[in-house]
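Enquirer: Build the full structure now, drawing on both the sequences and the hints.
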Amino acid sequence: MVNSPSQRTVIGQRLRRPDAPDKVKGTALYIEDLDFAGSLWGGVLRSPHAHARIRKLDTARARGVPGVRAVITAKEIPGRNVIPMVQSDWPVLAQDFVRHVGEGVAVVAADTREALAEGLAAVQVEYEPLPALLDMEEALAAGEVMARYKVRRGEASVALTRSDLIVVEGTYQTPYQEHAYIEPNGMIAAPDGTGGVVVHGSMQCPFYVQKGVASALGLDLNRVRIVQTVTGGGFGGKEDAPSAPGAHAALLAMATGRPVRLILTREEDMAVMSKRHPARVQVKLGATRHGHLIAAEIDYLLDGGAYATLSPVVLFRGTVHACGPYRVPNVKVESRVVRTHKVPCGAFRGFGEPQVVFAFEAALDELAERLGQDPLVLRLKNALQIGDETITGHRLSESVGFREVLEQVAAASDWKRKREEYARERGTVRRGVGLAACYYGVGLGAMGKHLNPAGANVVVAGDGSVTVAVGTTEIGQGMVTVLTQIAAESLGCPPDAVRVMEADTSRVPDSGPTVASRTTVMSGNAIRDAAAKIRAAMEPVIADSGLPWREAVALCVQKQIGLAAHGWAVPPATTFDLATGQGEAYVCYSFSANVVEVEVDTETGETRVKGVWSGHDVGRVVNPTLGEGQVEGGVVQGLGYALTEEHALRDGRILNDQFSTYIIPTPLDVPEIKSVLVESPFPWGPYGAKGLGETPIIAVAPAVVAAIHHAARIRLYTLPATPERVWDAIRALPPPGEAASG
Amino acid sequence: MADVIDLAFTVNRQQVRLRTRSDKRLLDVLREDLRLTGAKEGCGKGECGACTVILDGQAVDSCLMMAYQADGGDVQTIEGLAESGRLHPLQDAFIEKGGVQCGICIPGMVLAAKAMLDRDPEPDAAAIRAGLAGNLCRCTGYTKIFEAVEEASGVGSLKIPASSMTPAAPGYFRPRTLDDALEVLAQRSGEVRPIAGGTDVLVQAKDGTARRASLFDVSAVPELKDIREAEDHVWIGAGSTHTEMMESKALARWVPALPQACAVIGGPQIRNRGTLGGNLAHGSPAADTVPPLFAADAIVELVSVNGRRDVPIAEFFTGVRETVLAPDELILGVRVPKRAGLRAAFLRLGQRQAQAISKVSIAVAMVFQDGRPEWVRVALGAVAPTVIRALETEKALMSGGYEGLKRAKDAVRAEVHPIDDIRSTQAYRREMAAVLLERAVRALAEA
Ligand SMILES: Cc1cc2nc3c(=O)[nH]c(=O)nc-3n(C[C@H](O)[C@H](O)[C@H](O)COP(=O)(O)OP(=O)(O)OC[C@H]3O[C@@H](n4cnc5c(N)ncnc54)[C@H](O)[C@@H]3O)c2cc1C
Ligand code: FES
Ligand code: FES
Chain A
-6 MVNSPSQRTV
4 IGQRLRRPDA
14 PDKVKGTALY
24 IEDLDFAGSL
34 WGGVLRSPHA
44 HARIRKLDTA
54 RARGVPGVRA
64 VITAKEIPGR
74 NVIPMVQSDW
84 PVLAQDFVRH
94 VGEGVAVVAA
104 DTREALAEGL
114 AAVQVEYEPL
124 PALLDMEEAL
134 AAGEVMARYK
144 VRRGEASVAL
154 TRSDLIVVEG
164 TYQTPYQEHA
174 YIEPNGMIAA
184 PDGTGGVVVH
194 GSMQCPFYVQ
204 KGVASALGLD
214 LNRVRIVQTV
224 TGGGFGGKED
234 APSAPGAHAA
244 LLAMATGRPV
254 RLILTREEDM
264 AVMSKRHPAR
274 VQVKLGATRH
284 GHLIAAEIDY
294 LLDGGAYATL
304 SPVVLFRGTV
314 HACGPYRVPN
324 VKVESRVVRT
334 HKVPCGAFRG
344 FGEPQVVFAF
354 EAALDELAER
364 LGQDPLVLRL
374 KNALQIGDET
384 ITGHRLSESV
394 GFREVLEQVA
404 AASDWKRKRE
414 EYARERGTVR
424 RGVGLAACYY
434 GVGLGAMGKH
444 LNPAGANVVV
454 AGDGSVTVAV
464 GTTEIGQGMV
474 TVLTQIAAES
484 LGCPPDAVRV
494 MEADTSRVPD
504 SGPTVASRTT
514 VMSGNAIRDA
524 AAKIRAAMEP
534 VIADSGLPWR
544 EAVALCVQKQ
554 IGLAAHGWAV
564 PPATTFDLAT
574 GQGEAYVCYS
584 FSANVVEVEV
594 DTETGETRVK
604 GVWSGHDVGR
614 VVNPTLGEGQ
624 VEGGVVQGLG
634 YALTEEHALR
644 DGRILNDQFS
654 TYIIPTPLDV
664 PEIKSVLVES
674 PFPWGPYGAK
684 GLGETPIIAV
694 APAVVAAIHH
704 AARIRLYTLP
714 ATPERVWDAI
724 RALPPPGEAA
734 SG
Chain B
28 MADVIDLAFT
38 VNRQQVRLRT
48 RSDKRLLDVL
58 REDLRLTGAK
68 EGCGKGECGA
78 CTVILDGQAV
88 DSCLMMAYQA
98 DGGDVQTIEG
108 LAESGRLHPL
118 QDAFIEKGGV
128 QCGICIPGMV
138 LAAKAMLDRD
148 PEPDAAAIRA
158 GLAGNLCRCT
168 GYTKIFEAVE
178 EASGVGSLKI
188 PASSMTPAAP
198 GYFRPRTLDD
208 ALEVLAQRSG
218 EVRPIAGGTD
228 VLVQAKDGTA
238 RRASLFDVSA
248 VPELKDIREA
258 EDHVWIGAGS
268 THTEMMESKA
278 LARWVPALPQ
288 ACAVIGGPQI
298 RNRGTLGGNL
308 AHGSPAADTV
318 PPLFAADAIV
328 ELVSVNGRRD
338 VPIAEFFTGV
348 RETVLAPDEL
358 ILGVRVPKRA
368 GLRAAFLRLG
378 QRQAQAISKV
388 SIAVAMVFQD
398 GRPEWVRVAL
408 GAVAPTVIRA
418 LETEKALMSG
428 GYEGLKRAKD
438 AVRAEVHPID
448 DIRSTQAYRR
458 EMAAVLLERA
468 VRALAEA
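Residue numbers (this note's numbering), protein chains in the order written: chain A, -6 to 735; chain B, 28 to 474.
Derived from the structure by calculation, the hints contain no laboratory data. Among the hints, a few may not be true.
[Stated by the list, open to error] Footprint (simulated), chain A over chain B, 3 or more residues, beta carbon under 8 Å: (1) 66 to 73; (2) 162 to 172; (3) 457 to 466.
Positions of the beta carbon are idealized from the N, C-alpha and C atoms, including for glycine.
Expert: Pasting the structure below:
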């Protein structure tokens, strides 16, 4: 039957992923699996210094190495030596100076891996090391500020002096986080034979790579075609960063006239690709004795690394979400991202929120203790509801399911009983439960307006099969499945008739990045726009014929009806004033809360997470299996952030650049995870959906740290909560008043 | 430059013969020579499991094996799992339960699950986690992967495939007798290094501190393979894998701390390949088989063309990654005296529950007579340049009782010399030595 778009059949179903069979069979082709005839091996010579002047850069010997086909330095770049991002400060290859360890200085292409290694080793570079700024506070003192934002609402400083307020204050530190996708970055570039280039690769944002490559080669965008290969994880790490290897491979391909494969090793990827920004957050938070939040002052500092890439946008998101999903009438947020001589940080799931949310939620937990209130009660009391304003003065008129989320995770986790019961534990190993929450503006919001629209091309073939091309990407999150469901639903065809193509810049107009949980909403709406046009063309022919889809299509073909359309989605306008930080920062928000249960070994400081109840208001659940998968994956990344993940650096060099030293959770480290999905539809979203990619990671670490406090009575202000830190904090506790424990 | 060698093995039930460069890993031959690209390279160091294949019925990391080590063997890759176009029940369950996201970890994950189910068709939840502990997934949080494996359980085939292929690799790369192996070492002493499980030396090769082209395989030497009980001792061949030691009844009885240690090493793939000899020869102060051997007064037997010699385990290590092993010598195995009434425990702390290197480890062995300690050994790992025996701590424990334990904790704090490094801190390691000591001693006293 051709379903009318109002009769829902596919939305909300656990449709099997169309991309899964190839992945379980091992036939899905990732970048490393592609074989281009005659391809060369490409590699990058990288700076060993955090900051140095390049005194001499001589490639003559390298060029003479047998098998070496090209050596390119900044001098040989035909276009601009810049990868355009928010600010145009990021060079394709270092020119005169290197500004972080691992910065590319030269690229080499060769016939074999051995010749490549020899060629790279034969490039002669003389560096004059210069003093390096490695500490974000020092960079701030030196005035190295890349971007700053603020929020001004009411009179926070004045309010915080009120004598009737309970005020808590703290300084919080969060570490680097590595995306740790299991597939390292890689690109294969090949000349297209007409003066242009085709670049295949692992990526999230083909249109970013396209701009980077076009800029480096000095080509028009229509000469640069980017094709996304099956991508082995991204999480933000393949958003801005792949533009560099993309440009490197393309430069070598154009110089040699041959395909060039440039695949990073794990160690290289960890050392030089982007990461979550380390942060320092100062929070001062005041509430009445009854627990009404009155004022907050937040100073948020991010370490951006050597180049701005996406740092300003990351900072913006953190800034406007600094006080979480709560009513706070008086707010002052001061935020800055500083330039240091370290690897540039960029996008990572949560995008500037996990750091500041950790700090704010930890302060809130402390405030609850000071007030003698249950942390759940305190949050419910201040939870944003329809009609309330966010700290940027955005009045929420729809789709706010936060209270329900809080209530449901509390019920599912048996919060109240555990809170009381575990507080009485006295043994060596003690249990605890903690709670934290967040909200997340969907889409790019006020800072990324020009990138916000998205397109889709939908073509119905004569046999009724449907090809959908969009500009956003499948990176494992399930876009292909969700968009298949939306296409099927909006066309009224069976889902197995739909094929969503891999992203290719030649198929659709620039549709912005695959980030910010915007894919379902933006590409979904673009598909609905195109589908509506096709349905409108079909309607007069099939009217109420009741024909099955394929026959209906055949009839339209017979009547020479064009069954292809371009769809375009532009989100509702928002207004925002950067001078005051007031306005509609995003069109709409997803809400989330987690309860985490832990066991803390008070002798070893080890924390075992026993359970996570993760609640999300996602507007509408398009596919519960995918929704739960996003939650489970995000939660586990959040647990890593909370407990084990961090980088150690010496002189700006990352010391732990492999999976045996950068510690992510294994199957033995994960607890039971229960997803609680709440639906409070977002009218502009496709079928009410808001997107769910990022919220799951954001409010995990503060819930873990709150649970550790509940179990062991210690407050941690620094992530991750390693056994060493927990043990140090326990040792620093005043001796218990009562008889010695365990 | 690497030589060219001939190889013969069974891949997905097909007999394969090929000629290739001798310095290729199994992963390279599968991906490049055979174009079986389902096995992925996520790290090249045995950490992620994305390159997992099944070799002779066991899950192995194909990035940590030389191709000639699979010569004559039976290899199953993901491409061979679906039979005549029909998905294997595991593959189907991964799709149905939503265990697949980006998919890069999935071929390895499915094969690790298959190897587990083939040996244990009805694993409980804990066994499923343990069976997948050598595979990282960054997308799914594992939950739906566990569900998929549970769904597919019951489909195992206890039959371990055996290849009918006659090995083709030249004996120089893969000697089949001890004499041949010693001959290779004697002829080219200093130029060549043995590879056994490859789980240390191929990590070094990737870091540039070892050369793949200089390796030769000792894992086919039968004299290194045995675990044998003699009248007054247990003999453990250097080629015994962690999995074999973990499952050995003789070891569980006579050196119980050793199988306990083997059970927490790495993940299944590492335990299936990594050997005792490699763990000793690598000389890491964090090597987990070593404290149990210290606590058992083990003797290391070394052999070269010039004969054999015995070295007490406490004299084997001379510094971080330094041992008394001469370039032309092999470790033949370890002799552990039997001791009636022995109880022993191994405990360690790592940065996570699997695929972790010890931050501090301890083995305690005791014999009790009428409830009082009669014989005590305490050895600690990762708290000094080599594994150490804590003699003062032992003395304190001999005095027995709570007082003895308290004094032993003080003694152990003084006897360890830990450092700050990327895994932990000096102060923490020192105190944890005392905490683990107490836990081990209490466990033995109550046993
Ligand atoms: C992901 C991962 C996790 C790990 N986890 C742990 C852990 O938890 N605990 C732990 O202790 N170790 C761990 N290891 C280290 C490693 O697995 C062990 O040390 C293993 O026992 C080494 O044995 P092998 O046979 O693989 O050694 P190989 O790598 O084959 O060899 C190591 C060294 O020993 C030499 N050698 C091997 N056999 C002999 C012999 N018979 N005579 C003389 N020399 C010989 C080699 O020449 C080489 O120098 C881990 C390694 C990895 C990659
Ligand atoms: S590639 Fe990671 S274990 Fe082999
Ligand atoms: S599905 Fe992406 S790493 Fe497992």
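Enquirer: Decide, hint by hint, whether the structure agrees.
Expert: Right, here's what the structure says about each hint:
1. 66 to 73: holds (count 7)
2. 162 to 172: holds (count 11)
3. 457 to 466: Satisfied; 3 residues make the cut.
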